[in-house]
Amino acid sequence: MSSTTNSSTHHTSTIGAIGAPSRRNTELALLVFAVVIPVFAYANVGLAINNQVPSGLLSYGLGLGLLAGVAHVVVRKFAPYADPLLLPLATLLNGLGLVIIWRLDQSKLLQSIKQAGSAAPRQLMYTALGIALFIAVLIFLKDHRVLQRYTYISMVGALVLLLLPLVPGLGANIYGAKIWIHIGSFSIQPGEFAKIVLAIFFAGYLMVKRDALALASRRFMGLYLPRGRDLGPILVVWFISILILVFETDLGTSLLFFGMFVIMLYVATERTSWIVFGLLMSGIGAVGVASFEPHVQQRVQAWLDPMKEYTLSQQGVGGHSEQAMQALWAFGSGGTLGSGLGQGHSDLIRFAANSDFILATFGEELGLAGIMALLLIYGLIVERGVRTALAARDPFGKLLAIGLSGAFALQVFVVAGGVMGLIPLTGMTMPFVAYGGSSVIANWALVGILIRISDTARRPAPAPASNPDAEMTQVVRP
Amino acid sequence: MNKPLRRIAIFCGLLVLTLLMRDNWLQYLKADSLKNDNKNRRVTIARYSTPRGDIIVGGNPITGSTETKRNGLNDLKYKRTYKDGPMWAPVTGYASQAFGANQLESLDDGILTGNDDRLFFRNTLDMVTGKPKQGGNVVTTLNPAAQKAAFDGLRHSGGKGAAVALDPSTGKILALASYPSYDPSSFAGASSSDADAWKKLQKADDSADPMLNRALRETYPPGSTFKVVTAAAALENGLYGSADQQTNSPLPYTLPDTRTELKNEGNIPCKNATMRVALQYSCNTVFGKIGADLGKDKMLAEAKKFGFDSEQFTPVRSAASNFPKEMNRPSTALSSIGQFETAATPLQMAMVASAVANDGKLMKPYMVDKLQSPNLDTLEQTDPQELSRPLSSQNAQVLQSMMETVVKDGTGKNAQIPNATVGGKTGTAQHGVANSANPYAWFISYAKMPDGSSPVAVAVVVEDENANRDDISGGGLAAPIAKNVMEAVINSKK
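Top line first, the protein sequences correspond to chains S and V.
Once you know that position 280 of the first sequence is 280 in the working numbering, the rest is easy, because the numbers rise by one and skip nothing.
Once you know that position 83 of the second sequence is 83 in the working numbering, the rest is easy, because the numbers rise by one and skip nothing.
Think of the hints as simulated: they come from the structure by calculation, not from any bench.
We treat Cβ as the ideally placed atom computed from N, Cα and C, and that holds for glycine.
Treat each hint with caution, since some may be false.
Derived DEER-like restraints, expressed as beta-carbon distance ranges [what the hints assert, rightly or not]:
#1 V:263 / S:305: 57 to 65 Å
#2 V:310 / S:113: 46 to 54 Å
#3 V:18 / S:305: 17 to 25 Å
#4 S:57 / V:32: 30 to 38 Å
#5 S:129 / V:118: 54 to 62 Å
#6 V:17 / S:340: 21 to 29 Å
#7 V:2 / S:215: 17 to 25 Å
#8 S:316 / V:2: 52 to 60 Å
#9 S:108 / V:380: 33 to 41 Å
#10 V:265 / S:316: 52 to 60 Å
Only chain V is shown next, with the shape it has when bound in the complex:
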C-alpha cells in the first residue's frame, strides 16, 4: 500500500505547490495592478486618509481638507474643501469621496496624497519617525485677479461662456474660467446630500451642463476671430506684401464654384479693401476670398501651426480644435471666416492671440508651475516650451498693427486700456440649423506695454440664448470681459 501512498503524498505536495504559485502570481506579479486599481476601495481610502496637499494660486491655497464626520460605514477620514469652488473648478476639477477625481485633482493625485514615487524616501523616513504621511502641493500659474475678472465678467453677462488668458511669452495660463460652473465642495463627501448635489449637476438634470469645462473641452465656431489665422496665412504665404496693400477683392463676392453670395454684416467698406481695413470692419468677403485663393491645404497648414487639430495637455487635456481637412472651394472660403466646420476651444483662440503677441512664437500653454513636496521643496518645475512658429516675427508685427487698428478704430473699441496698446479681433459666430440659434460672441486680444512686452493674451466666448440677437456681437458682450481680464493682469504686475 505504500507505493500509492507516496504518490498521494506527491499529489498533495503538488496541490500546495499550485497554491504557492498562484499566491506568488497574485501577491507578487499582479500585486501592483491590483493595489492601484482605481476600483479598489483602498485607493480611495488612501487618498483621503490624510489631509490632501493643496492646489496653490498666487501663493494661497484654493483647496483645503476637513475631517469627515465618521460613522461605521464611512471609512474615509478627510474630505476636500474648495475656496471659491465655482470660480476655480475649471482649474482644480474635483476630488470627491464618492465620485472620484478629475483634472488636476486626478492628474496630480500622487503628489497631493503623498503617494508619488518622488516622495518615497520622505514617506519611508516619516514611517520610521512615526509622522503621518503628508501630501505635496501643486503650484499653478494662474493669476487670481485675472481669474476673478474672467469669472465675474462671464457671470454678469448672464450667458454660458468661457474665458482663457495666457502669458504670451511663456504660455502660462493666467485665467481659465467657465460659466455656469459648479462647486466641487458640494459633492466632495459621500453622504446622500453629496449624491443629490452630484445628480443635480449632471447634464440630465441641468441642461446648462455646469460640469462642462467650456474653456478646454467645448469647441465653438470661432467666427470672425478666425480671420486672424487667415490673415497670418496670407502674410506667411506672401499672398499680400503688407497690411496696407489692396486685396483686389470684389463686392459683392460670390463663393467660388457657386452662385451664392457671401454677405458682410452691414454696409461696410470691403470692396478692394486692404487687409487692415478688412480686419478693422471684419469683411467676410475679403477673408473668404483669401481662404479660397490660398486653398484648403495652405489654410490647414497654418491652422495646424496655431495648434488646431491637436489636443493640448496643460496638463489637463483640452479638446482638439478643428479645421476641416477635406472640403471644396466654397467651404474653404467659409471655413476661413470661422464658419462651416471650423471649431475652436477658447484655449485655442487664446493661443492664436498669444502667438501673434509673442512675435509669432507659440508657447505651449500650461497651468502647473511646479510640484512641491510637503516641506515645499520643488519636485518638478515646468519650463516654458515653444510649440511652433505660426508666423515670422516680421509678419507677426504686421498682424499686430492690424489687430491694434481693430481696437483703436474698429469693432473692438470696447477693449481699449489706457497706458497699454491692445490688439484684438471680434467675432460673432452663426450656428444652429440655418443659423437660427443665437450666435456666439467672441473676442480675442492681447495687451502690449509701453516697454514692448506683452503680458497677456485673452480669448472670451459668450453663448447667450436669452439676449437680444442684435446685442450679440463680440465687441459688445465679450470685449469688456477681455478688457477687465487684461487690466487685472497688468495691474497685478505693477
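Excised from the complex, chain S in its bound form:
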C-alpha cells in the first residue's frame, strides 16, 4: 500500500485518513427534512384537534429550525468531518417528541389531572438547553482524548450523581422510583448524566487495564477465567448497580449501567467470558433483589399479568397501576397505520403519558408503521455510533463511542420493551422524544461527544506526506 503520494493529489490508499468528504451539505439537506417533518406533524395535530393550523406553528418551526441551524453551523465550524446523520436524526426525534408532547398538552383529561398542559414550551426550552450543551461540547472539547485525563474524577462524579437522589431533602420519590432530585422548582434525573460520565470513566479505566484483564487469565472449560484481582472492578460496578436497584428501586438504570460496563469490558478485552460473567451476575442480581424488593416484584407482576393489575387498580386496590394495560390497549388500538395524530386516546394512560409512556402515543396515533420507523431511527443512531467506534483511531475513542452507543441502544430497548410489555417496566424515558429536561439535555451531550469522536475519526490526517512512517503505522493497525 503506497502512501507516498503528495498532498495535492487524491489519496485513496488509507481508510478514513485522507480525502473523506466532509458531508456537511448532506447533513444540511437531511436537517431540512428533520425540521419540516415535525412542522407538518404539528400542523396535523392542530387540524385534527382544533380544526385549525395551530397558531404557534410559525414560532415552533422557526424555533426548531433555528436550533438545528445553529447546531449545524457549529458542527460545520468545529467538527467539519463529523458523521452527517447523527444531528439530523436527533433533531427529527426531538422535533417529533415536541409535537407529541404538545398533542398531549391538548388533552383535557391530562390537563385536569395536571399531567400535561404546558409541557411543550418547557420541553422546547430544555431542547434549547440541550443544543446549547451540544454546542458547548463541540466548541470546548476540541479532542475527545482530553476526557481521558479525567478518568478518576469521572468515577467520583458518577458516584456522586448516582447517590444524589438518596440525599435526604434533595431526593424525591416519584411513583416508587427514587431517581430524581429537586433543586428549586426543577427536578433533575442525575442518572441520565451519570450515564455519560460513567462511560468516560469506564473508557479511561479499561484502556489502561485492558491488557491485564485480557491476558492474565486461566483457561477453564473453554472460557478464559480472569484472575481474582482483575475481577475487582466488575464486582464493584455490579455492586453499585445492585445498590441503585435496592435504594433507588430503579431497575432500568441499574441494568443500563451494568450492561454498558459489560459491553465496554468485552470490547476492551475481546474475551467472551466477560459476557458470560456479566449475564450471570446481572441475572443473580436481578433475581436476588426481586425476591425481597416489593417495588420490583410489583413491576414484574404487572408485566406478567397487566390485565390483573388493571383490574386491581380499577377496584381501587392501592399500589396498583393501570398504565401497563392502558399502554397495550393504546398500541393495539393504533393497529397498522394508527388513528392519526391527535385522534387517539392515549391520554387514558394518565400518569407519565408524555414521559415514560410517550411511545404508546406514537404507537396509537402513528401505528405499527410509525413505531417501526421510529425504532429504525433509533437503530440508525446506534449504527452511526458503532460506526464511529469502528472508525475511531484511538482505543479510548473506540471504547467511549461504543459505550455511549451501547448504553443508548440498551436504554431504547429497556424503555420501548417495557412500554410494549416485552420486559418489566422501568423508570426510564425514551431518549429525545420523552418529556423531561435531564433526558433531553444529557442525550444532546451524548450526541455531541459522538459527533466529536466521529469528527476526529474521519478527519484527514494532517500533512501525511511529511511523516509517511506515522501513516504506515496507521495502515497496518487492525
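For this one, chain S is given, so just place chain V on it according to the hints.
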C-alpha cells in the same frame, strides 16, 4: 478491537429487531383483540362518540341520544335516552356510559354505533366525504299497544310478574313486559347520580330486583298451565283418542308407589272425567294420572318439543325452562301438573300456547325484525323459522277446542273477547317450603279470529306477596291482563 465491536453492532441490531418483532405482534397480530377489548375505554368512547342508532317499535324510535354535559374527565360525547324506559327495558336493555350495555343494546351494538362490518363501505365513504359516522337502527317486532296493555296490567295488579305475547304464525314477539322494571335512562350517564340510581336498582338494595328480566330470565313453576303440555302428550301418544273420551281416572287418586293422595282444588267433577272436562275444571288427578301413565320419558320428549330444556335466543337469551329428567313415578305425576321441579319462563309458556294456536307448529320466537343501515336500507331481515312440531295439526285442533272450553265455560272466563274465539288455561302454582308462599297466578291463552287466523298467543304470570291468598288464581289475576293484551293486538290489526 474491531471484532468485538462488530459483534456488539450485531447485538444492538438484534435488540432493535426484537423490538420490531414485539411491535408487530402487538400492533398487527394482537391489534384487533386489544382494540375491541370491552375493557378498553376506546370501545366505550367510540360507542358514545356519535348519536347511537335507534331501537324502533311500530315505526317509532323508543330510544334517543342526547349530548352529554362535558367536563375534563368525561370523554363521552352522547348519552342514551329512553322513551317509556321501564316499559321497554325488557326489550332494549340498557346502554350506560358507566355500566356497559346488555340485551339488544349490547347484541346489536355494532349496528347501533355504526361499527358493524356491514357498514364498513358506508363508513369509508363517510370518512372520505367528511360526514360523521352514523349508527343504524334495530327494528323490532313488538306491538306498542300490546306492550302497554301488558305493562299497565302488571303494574295495576300490584305484584311482580311478566307477560309475553307472540304471533303464533311467525314467532314474532309482540309484547315482552316485566314488572317491577327500571328506567335505563336513570343510569345512562357517568355522573354520581347515575351511579346512585344504578346502585339502588341492584338486588342488594332493592329486594324486588327490578333489573331482572322476568319475561325471559326467571323460571316459575308453571302449575296447571302445564296441563296443556300433558294433554298434548296424551293426544300425541294416543293415550286417548279424543277430548271427549272418558279417562278412567279415579277420585280420590293416590300417587303411584305412595299412599299420598293428589288433591284437586275444591270439589270438582274429576272422577272419570274426559280430558275436556278435566282441563275445564283443572283436575290435578286426571293430568297427574296421565303423566304417570305416559311415564317420564314420553313427557320429557313432548316438553322438549315445546322448547323446554333449551335456551332461546330471541336474540336476547332466555333462560332454559326445565322439565325434570330423572324422577320416580309420583314425581312424574306431580311434574305433569306443573309442580315438583318443572319450571318455565313466561316466554316458554307463551310458546306452548302459540304452538297449539298455530295448529301444532312451534315457530322460533324473535324480537328483531330487521337491522337497518343509517339510510334505512335493510341489512338483515329475520325470517320466521319453524322450531318444531309438538303435535299434529289434528291433535292441535282437538287441544284448541279443549282450551276454548276452558275460556267459554271453565276457569278462564275472564279472558273472553267479543268477536274472537279465545282458548286458554289458568294456573295457580304452589311454591315455597311446604307450599307456604303465595302461589303464582298464571294464564296462557290465544285468540282466534272468525277467519280462522290466530294473531296472538299470550302468557302472563303474576307473583303477588301482598294479595289475599284466595284471590290468587290464574283466572282472577292473570287472565284479565292476557285479555287486554290480546285485544290490543286484535285492535291494532284492524
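Verification of the hints:
1. V:263 / S:305: 57 to 65 Å: Roughly 60 Å apart at Cβ, these two residues keep to the hinted range, so it holds.
2. V:310 / S:113: 46 to 54 Å: holds, 50 Å
3. V:18 / S:305: 17 to 25 Å: Once the Cβ atoms are compared, 21 Å apart, the range 17 to 25 Å for residue 305 (chain S) and residue 18 (chain V) holds.
4. S:57 / V:32: 30 to 38 Å: holds, 36 Å
5. S:129 / V:118: 54 to 62 Å: holds, 55 Å
6. V:17 / S:340: 21 to 29 Å: holds, 28 Å
7. V:2 / S:215: 17 to 25 Å: holds, 19 Å
8. S:316 / V:2: 52 to 60 Å: holds, 57 Å
9. S:108 / V:380: 33 to 41 Å: holds, 38 Å
10. V:265 / S:316: 52 to 60 Å: Because 55 Å falls inside the window, the suggested range holds.
Against the hints set out earlier in the document, no violation occurs for any number.
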